[in-house]
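So the sequence lines, in the order shown, correspond to chains Y and P. Numbering follows numbering that gives the first Met the number 0, with no gaps: position 237 of the first sequence is 236. Numbering follows numbering that gives the first Met the number 0, with no gaps: position 280 of the second sequence is 279.
These are calculated hints, taken from the structure and not from any lab test. Here the structure is a predicted model, which is why all the values come from computation and not from measurement. Cβ atoms here follow ideal geometry from the backbone N, Cα and C, with glycine treated the same way. Everything hinted at is true.
If you want a taste of the chain P side facing chain Y, the calculated C-beta under 10 Å gives, among others: (1) 3; (2) 49; (3) 55; (4) 66; (5) 73; (6) 77; (7) 78; (8) 100; (9) 112; (10) 225.
2 protein chains.
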Amino acid sequence: MSTGVNLKELAAELKLSPSTVSRALNDSYEISEATKKKVVSMAEKLNYQPNPFARSLRENKSKTIAVVMPERMSNFFSKVIDGIEEVTHQHGYHLLIYSTHEDVEREKKILNLLMNGRADAIVMSVSSQTSDISHLARLHERGVPLIFFDRICESIPTTKFITNDYESSFEGTRHLIQQGCRKIAFLMLSKELSITRERYRGYLDALKAAGLSPTPSLQVTCAHEEEKNVEAIRNMLLSEDRPDGLVSSVEKLALATYHAVKKTDIKIPEDLKIISFFSNLSIAGLLTPPLTTITQPAFTIGEECAKLLIKKLTKPRQPDLPNQIISIPSSITIRSSTVVDY
Amino acid sequence: MSTGVNLKELAAELKLSPSTVSRALNDSYEISEATKKKVVSMAEKLNYQPNPFARSLRENKSKTIAVVMPERMSNFFSKVIDGIEEVTHQHGYHLLIYSTHEDVEREKKILNLLMNGRADAIVMSVSSQTSDISHLARLHERGVPLIFFDRICESIPTTKFITNDYESSFEGTRHLIQQGCRKIAFLMLSKELSITRERYRGYLDALKAAGLSPTPSLQVTCAHEEEKNVEAIRNMLLSEDRPDGLVSSVEKLALATYHAVKKTDIKIPEDLKIISFFSNLSIAGLLTPPLTTITQPAFTIGEECAKLLIKKLTKPRQPDLPNQIISIPSSITIRSSTVVDY
DNA sequence: TGAAAATACGGAAACGATTGCGAAATGACT
DNA sequence: AGTCATTTCGCAATCGTTTCCGTATTTTCA
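Full structure from sequences and hints, please.
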């Protein structure tokens, strides 16, 4: 197909052996400067491109990192990947990107495909369906460097990058309480998710700290279909126990809430104050009213994941990825959705 | 590193030769059903995973497709990739994804990295800076299957997938005129872009068809920095020649316009009617007022790109990708940003 | 029954790079 | 001049597959 010159042909052209040419191109000390120059210039002239598979086969590494995430249509994940790419690109690494579409079966399939060394390492955020983690454990035991971010898997002994989920959620909830909310709803995806657990805990603790008790009917676990979520949220907002405040643990549920509110005559922030984990700042400012956000450091999380992996992959004898959770703080940006007359 | 069993070890375990095992796993007619069964079950037992690089080296194909696009933080591109993935995943292909960040130098670097066969094919949408296309031409001449979508490169003889840019823009502009607009602004990225040219032409022709003449100061070419764009748009909106209608040729400039309008006392749609090429329907409905959109069939575009490539890559002796432009129509969804009292 | 054909498998080369080891050429030193 | 170290390069093995051959065994059929 798209085959240019290979090492042997390049060597023949130069009347040298392939080994010499290889060493020259890799700047080996065994080759004289004179021949190095000749080789390099001829390589440029013929536009020689080393075959990545021959190299990968020989060196047993692919210069490729896989990213596995639950969805692509999310500003948060896009930014994380931008962060990863920023770092890895500088080191000549390529990015294989997979979306599980929140489907654990698909997640298993993808990880199985990654068991054969196609990627040197994996960065992942688990699907909301993931409770059985044997597929992740197997991969880790096999020795593939594995890093989690955001939606982590605590029981696998490796490095995880998150934001300060508990504290942010606590602070966000406290902010609502300070604004006068007494009945605060909480929206979440699957309770299996690490982020759900931590953010939920922060929410509960903030309520408790204020002497408030949570209302079960205001704690809505959502699914994947946007329309159903909107409907469930709307019902909750119009129920007997209607809330006066709402914490959304993920971006898309905040949008669903705005959609739900549009179908009612509820006024934000007068009747209902909203805060959400959210990464799309441009959109947050354009919502009506502008949304108070817990802004996750998405790009930085991506960068940190990549930096750690690059260190592990490029330095000679690195230890295993340490079993620790690294937290990068979010920042709360107050907008009109939580403050009257902001 | 993460090395499981290989073919030789598997063969030794079965007391067979590697060639036999290979053939058995590939379901060759030369192998008896009995030994096939034995081989397959042993392979499963030992969790044998063929080395993808050895295979790629031997077969000269990687089962990988590269996607190169200008940015990741865009609903349109995310959806296109979802469409591509949907098709390619079923055929066991992997996706290498690159963002050029609208930087032509980076685009060149990326395409250079793809010259060595790392990907069996490339799906791309060019950056807004791209005018010199020699890097694309070289790749195509080298024989790498190359497909363009959305932001295409007409002069390279291959298949391109777009939406009906001209017609949609014409219709969108006509819609504004029908709603009473007489001075209609047009927002665009670089004039080099195919989508800019076509959408601009549709806009101009619609004006002409209505007997209106375009106002040069209302045609704003934007850059990459959101804040500058907002400022430029605001100045235009407040100028002497202020428009009463606006066509945005891309998603992010519509958002920039909403930001700009927020800083003025302009009322949409009373003072200014807005229509935009836009893919994020959920957001379009949440803007205030909801945005009338020209909705591009992003997912379908991705699917079609992938289907064509898969056909080319998996069928035995396929011809070159035909030099044609395939247009998949957008649909206009009218919302309140263009109709008073909608 | 004997020759031809079909079946089932193994040996070895090939894909394109890297690298340990050996060897020729050059220079240094006594 | 002869020995030895240094520089510079080539030979061949290797990574894990696939596949072209060749071959041994069995089947077919006149």
